[in-house]
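Colleague: One letter stands for each residue in the lines below.
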Amino acid sequence: MSSASLENILRKYDGSPHNLLQILREVQEAEGWISPERVAELEQALAMPRSKIVGAASFYSFLHLEPVGHYRILFSDNITDRMLGNQALMEQLCNLLWVEPGKVSEDGLVSVTTTSCTGMCDQGPALLVNGRAITRVDAARIEALAERVRNQVPLAEWPAEWFQVDDNVRRRDILLDSQFEPGSALRALHARVETQGVQASNPRSWREGLPRGLVGPATMLDEVKHANLRGRGGAGFTTALKWEACRNAPLAPGQDRIVVCNADEGEPGTFKDRVLLTSHADMVFEGMTLAAYAVGARRGFLYLRGEYRYLLEHLEGVLARRRRDHLLGHNILGIPGADFDIRIHVGFGAYVCGEESALIESLEGKRGTPRNRPPFPVTNGYLDQPTIVNNVETFAATSLIALHGGEWYRNIGTAQSAGSKILSVSGDCERPGIYEFPFGVTVAEVLEACGARDTQAVQVSGPSGFTIAAHEFERKICFEDIPTAGAFMVFDKRRDMFEVARNFVHFFAHESCGFCTPCRVGTSLLRNLMDKLHNGQGSPYDFQEIERLNHILQAMSHCGLGHSACNPVLDTIEKFRPAYEARMVHRDFTPAFDLDRALSQARQMTGRDDEMAHFGTEHGDAR
Amino acid sequence: MSDTFTLDGREIPFEPGQTIMQAALAAGVYIPRLCYHPEFKPHGSCKLCTVKVNGRHTASCTYKAAPGLQVESNTEELNTERRTLVQMLFVEGNHFCPSCEKSGDCQLQATAYELGMMSPHFDHFFPDRPVDASHPDLLLEFNRCILCSLCVRASRDVDRKNVFALAGRGIHSHLIVNAASGRLADTNVALEDKAVQVCPVGVILKKRRGFAVPIGQRTYDAAPISGHVQGSASLTEE
Chain A
0 MSSASLENIL
10 RKYDGSPHNL
20 LQILREVQEA
30 EGWISPERVA
40 ELEQALAMPR
50 SKIVGAASFY
60 SFLHLEPVGH
70 YRILFSDNIT
80 DRMLGNQALM
90 EQLCNLLWVE
100 PGKVSEDGLV
110 SVTTTSCTGM
120 CDQGPALLVN
130 GRAITRVDAA
140 RIEALAERVR
150 NQVPLAEWPA
160 EWFQVDDNVR
170 RRDILLDSQF
180 EPGSALRALH
190 ARVETQGVQA
200 SNPRSWREGL
210 PRGLVGPATM
220 LDEVKHANLR
230 GRGGAGFTTA
240 LKWEACRNAP
250 LAPGQDRIVV
260 CNADEGEPGT
270 FKDRVLLTSH
280 ADMVFEGMTL
290 AAYAVGARRG
300 FLYLRGEYRY
310 LLEHLEGVLA
320 RRRRDHLLGH
330 NILGIPGADF
340 DIRIHVGFGA
350 YVCGEESALI
360 ESLEGKRGTP
370 RNRPPFPVTN
380 GYLDQPTIVN
390 NVETFAATSL
400 IALHGGEWYR
410 NIGTAQSAGS
420 KILSVSGDCE
430 RPGIYEFPFG
440 VTVAEVLEAC
450 GARDTQAVQV
460 SGPSGFTIAA
470 HEFERKICFE
480 DIPTAGAFMV
490 FDKRRDMFEV
500 ARNFVHFFAH
510 ESCGFCTPCR
520 VGTSLLRNLM
530 DKLHNGQGSP
540 YDFQEIERLN
550 HILQAMSHCG
560 LGHSACNPVL
570 DTIEKFRPAY
580 EARMVHRDFT
590 PAFDLDRALS
600 QARQMTGRDD
610 EMAHFGTEHG
620 DAR
Chain B
0 MSDTFTLDGR
10 EIPFEPGQTI
20 MQAALAAGVY
30 IPRLCYHPEF
40 KPHGSCKLCT
50 VKVNGRHTAS
60 CTYKAAPGLQ
70 VESNTEELNT
80 ERRTLVQMLF
90 VEGNHFCPSC
100 EKSGDCQLQA
110 TAYELGMMSP
120 HFDHFFPDRP
130 VDASHPDLLL
140 EFNRCILCSL
150 CVRASRDVDR
160 KNVFALAGRG
170 IHSHLIVNAA
180 SGRLADTNVA
190 LEDKAVQVCP
200 VGVILKKRRG
210 FAVPIGQRTY
220 DAAPISGHVQ
230 GSASLTEE
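Sequence lines, in order, name chains A and B.
According to numbering that gives the first Met the number 0, the first sequence holds residues 0 to 622 in order.
According to numbering that gives the first Met the number 0, the second sequence holds residues 0 to 237 in order.
By construction, these hints were calculated from the structure, which means they are not laboratory data.
Treat the hints with care, as some may be off.
Listed next, the in silico DSSO-like pairs over lysine-lysine satisfying Cα-Cα at most 30 Å (straight line) [claimed, not checked]:
#	chain 1	residue 1	chain 2	residue 2
1	A	365	B	193
2	B	40	B	63
3	B	193	B	160
4	B	205	B	40
5	A	365	B	40
6	B	160	A	365
7	B	63	A	365
8	B	193	B	205
9	B	206	B	160
10	A	365	A	102
11	A	475	A	224
12	B	160	A	11
13	A	102	A	531
Owing to the predicted nature of the structure, the values given are computational and were not obtained by experimental measurement.
Full structure from sequences and hints, please.
Modeller: As structure tokens, then:
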């Protein structure tokens with residue numbers, strides 16, 4: 000890289016330390032990794048200590064401070080990829096390329112390893128080559144891929160169909176079925192305000208955060224309130240409450256309100272945001288603009304997960320078109336003072352950045368560590384400014400609400416869960432893909448729709464969600480019953496639910512940010528316990544240990560990642576205990592080695608002969 | 000008259016803006032802690048100071064005191080949970096108290112005694128953490144690092160040097176220094192730096208000062224850590 004191109008990158012990002020991560024991404028995209036020389040140059044250019052640059056970069060799986068090979072191949076390692084045979088495929092590729100998993104080949108050509116779910120579960124097994132997704136990997140494709148790596152064929156010359164990502168929309172409802180016209184929701188809102196005979200906009204409303212009583216933005220907020228829209232990220236927080244809190248938060252001089260769209264879709268098994276951003280980006284961006292209108296924001300961000308980097312050019316194109324059409328930028332729809340624009344921030348493989356305060360830290364160019372709360376982002380978010388963070392689907396739904404009104408929206412779904420939910424269905428079924436249902440659909444209905452047979456269990460809302468067993472298939476997908484961010488992974492009777500839980504536990508251990516003691520150490524301890532059982536060394540004692548870790552993680556962890564890390568284990572222990580019992584090799588087994596007898600010498604030395612000094616009969620003699 | 004909240008049945012007065020930890024310290028009440036230090040911005044990462052506020056677990060070093068809060072701290076339940084956290088810290092690193100220069104002055108060790116920890120309970124991780132002996136006057140013994148980030152905060156906020164930073168993620172999180180070589184000798188660290196004084200365990204050590212105070216006469220030999228509520232005992236040792 001010439002110094003001129005580094006200068007260009009720095010200029011593109013205003014030479015701001017807050018844009019450190021985007022600058023590092025562009026450097027890496029040009030050179031393959033971030034060399035010490037570049038770090039030194041950035042240290043000067045950004046007036047930032049090297050320790051901070053390295054500290055931030057080393058947090059993210061997809062930023063490399065060491066060479067990772069000309070071809071960096073990452074196999075998606077979600078349980079659905081495993082069920083489709085990714086482990087054998089990775090072994091095949093490693094053998095073909097003479098490379099050890101996780102290591103760079105000696106000639107520096109290639110490295111092969113695994114990564115967390117890449118959001119291609121409906122067309123897996125999937126992998127990433129230098130950040131680009133290859134779907135539907137099979138043995139033949141691996142062979143052809145190895146050939147190209149060996150011959151150093153540039154990625155641009157690889158067959159285009161390898162990189163094809165399909166939407167796989169199987170069922171449409173209000174959202175996916177709408178023929179959305181860009182700008183129509185903004186115009187509908189504008190019209191609604193005018194028919195109510197009130198001035199729709201006021202330059203102050205955008206800049207100074209909407210004094211109470213200003214009716215234009217209030218109308219948007221009212222519609223969202225009427226609609227009873229709740230956050231689609233899974234937690235189901237009432238959207239209007241969040242927006243109102245942001246809008247009412249005081250602004251210091253020079254501050255703005257900020258709208259952030261969370262497209263860091265990292266929950267394994269979820270891929271609906273990929274489809275929304277691919278085919279319904281206008282609805283999402285328009286929803287952000289409506290939200291900006293409601294809260295009085297002028298700046299917006301889309302936080303795009305690194306695995307969806309391939310969507311960046313497409314999304315930039317949509318933003319550019321919207322600016323041309325006066326749907327973004329200055330004086331939106333010709334309304335004086337209606338200013339709002341959106342920047343895209345690409346992530347780098349860190350699940351924890353889906354947590355809103357970690358996401359904001361990452362947006363600021365730092366390690367993605369969740370903040371201490373309160374204060375909450377609605378008052379102290381991006382660069383300490385009032386910030387709303389909402390899910391991609393929430394913003395898309397906002398556009399629908401502006402178009403059709405809150406009253407219309409709240410009559411769809413259930414009492415507590417208005418509207419529809421987009422499910423990402425994968426695993427053991429005939430038709431994996433995207434299914435949009437009104438809230439209140441039962442698990443059984445979804446299974447029927449996707450052509451699942453002999454289903455043993457469904458993991459709803461990903462590893463941090465719920466393992467639903469056959470006797471619960473009449474339960475409903477909605478905030479009153481089973482809330483979900485959208486993942487719906489199906490497991491038929493052939494599957495070993497212990498291995499499902501073990502895969503999830505490995506995921507949490509890999510993705511823990513390491514900030515707090517209970518999660519940093521606890522998720523690794525839990526992973527080790529599950530591996531112990533997997534290795535055939537389990538005993539009932541391990542159940543107690545799992546209980547103990549679960550308690551600590553739930554009670555003491557800093558954020559939701561730690562709180563939910565034990566969920567898949569507890570659920571599967573409760574509902575699929577035989578899968579664990581099968582691994583309790585020591586339950587009915589008395590080893591030839593007699594521990595109590597071996598302890599006799601120690602008892603003699605310590606002069607103890609009480610009950611606690613004996614290896615209890617419940618262990619030694621149970622037969 | 001200031002407001003009060005209740006801590007283990009005792010009325011604790013507080014000034015507006017104070018956290019539960021700050022108010023408790025001012026009232027002479029010990030709440031176990033490792034990453035909190037009165038002179039620095041609370042971090043809230045070690046979670047040792049977790050209390051129950053109106054029945055809910057929360058870190059007392061970051062939670063603002065408010066009138067009428069019901070706070071539990073010195074209970075069997077919370078101390079059992081804290082003991083587990085200390086055990087986690089012990090197995091995560093490589094802690095060999097008998098050969099450690101900081102033994103008797105170490106807050107991790109003292110907190111373990113305070114909480115009645117009798118064994119590490121969990122299997123040790125035995126991580127590979129090479130020491131950095133590059134500096135002529137200072138030794139970095141990373142095996143003992145508990146990632147409290149006190150040196151990071153002291154260097155950043157007091158010394159204005161950013162000598163230390165956290166790097167990596169999850170169980171691979173670790174301390175780094177601000178030098179391309181990765182060696183402390185190549186940083187602008189100085190013996191007088193606040194960052195050099197604040198380590199609660201035995202990571203940042205002055206060379207050629209081994210066992211100046213004999214075992215048995217050290218900070219926590221005289222009184223357990225709960226008897227040192229006013230600030231960090233290791234700071235006052237010199």
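Colleague: Has the given pair, residue 365 of chain A with residue 40 of chain B, been kept, meaning a C-alpha gap of at most 30 Å?
Modeller: 18 Å, holds
Colleague: Check the hint pairing residue 63 of chain B with residue 365 of chain A against an upper bound of 30 Å on the C-alpha distance.
Modeller: Holds, because 25 Å separates the two Cα atoms, which is no more than 30 Å.
Colleague: Could you grab the alpha-carbon distance between residue 102 of chain A and residue 531 of chain A and see if it respects the 30 Å cut-off?
Modeller: 25 Å, holds
Colleague: Within 30 Å, alpha carbon to alpha carbon, are residue 193 of chain B and residue 160 of chain B?
Modeller: 10 Å, holds
Colleague: Is the hinted pair residue 365 of chain A and residue 102 of chain A satisfied, with a Cα-Cα distance of at most 30 Å?
Modeller: 27 Å, holds
Colleague: Quickly compare the C-alpha distance for residue 160 of chain B and residue 365 of chain A to 30 Å and report which way the hint goes.
Modeller: Holds, at roughly 18 Å.
Colleague: Given the hint that residue 205 of chain B pairs with residue 40 of chain B, test it: the Cα-Cα distance must not exceed 30 Å.
Modeller: 25 Å, holds
Colleague: Taking 30 Å as the top limit, are the C-alpha atoms of residue 40 of chain B and residue 63 of chain B close enough?
Modeller: 13 Å, holds
Colleague: For the pair we were handed, residue 206 of chain B and residue 160 of chain B, check the Cα-Cα distance against 30 Å.
Modeller: 21 Å, holds
Colleague: Please verify whether residue 193 of chain B and residue 205 of chain B have alpha carbons no more than 30 Å apart.
Modeller: 13 Å, holds
Colleague: Residue 475 of chain A and residue 224 of chain A: Cα distance at most 30 Å?
Modeller: Between residue 475 of chain A and residue 224 of chain A the Cα gap is close to 24 Å, so the pair holds against 30 Å.
Colleague: Verify the proposed pairing of residue 365 of chain A with residue 193 of chain B, using a straight-line Cα cut of 30 Å.
Modeller: 24 Å, holds
The structure shown violates none of the earlier numbered hints.
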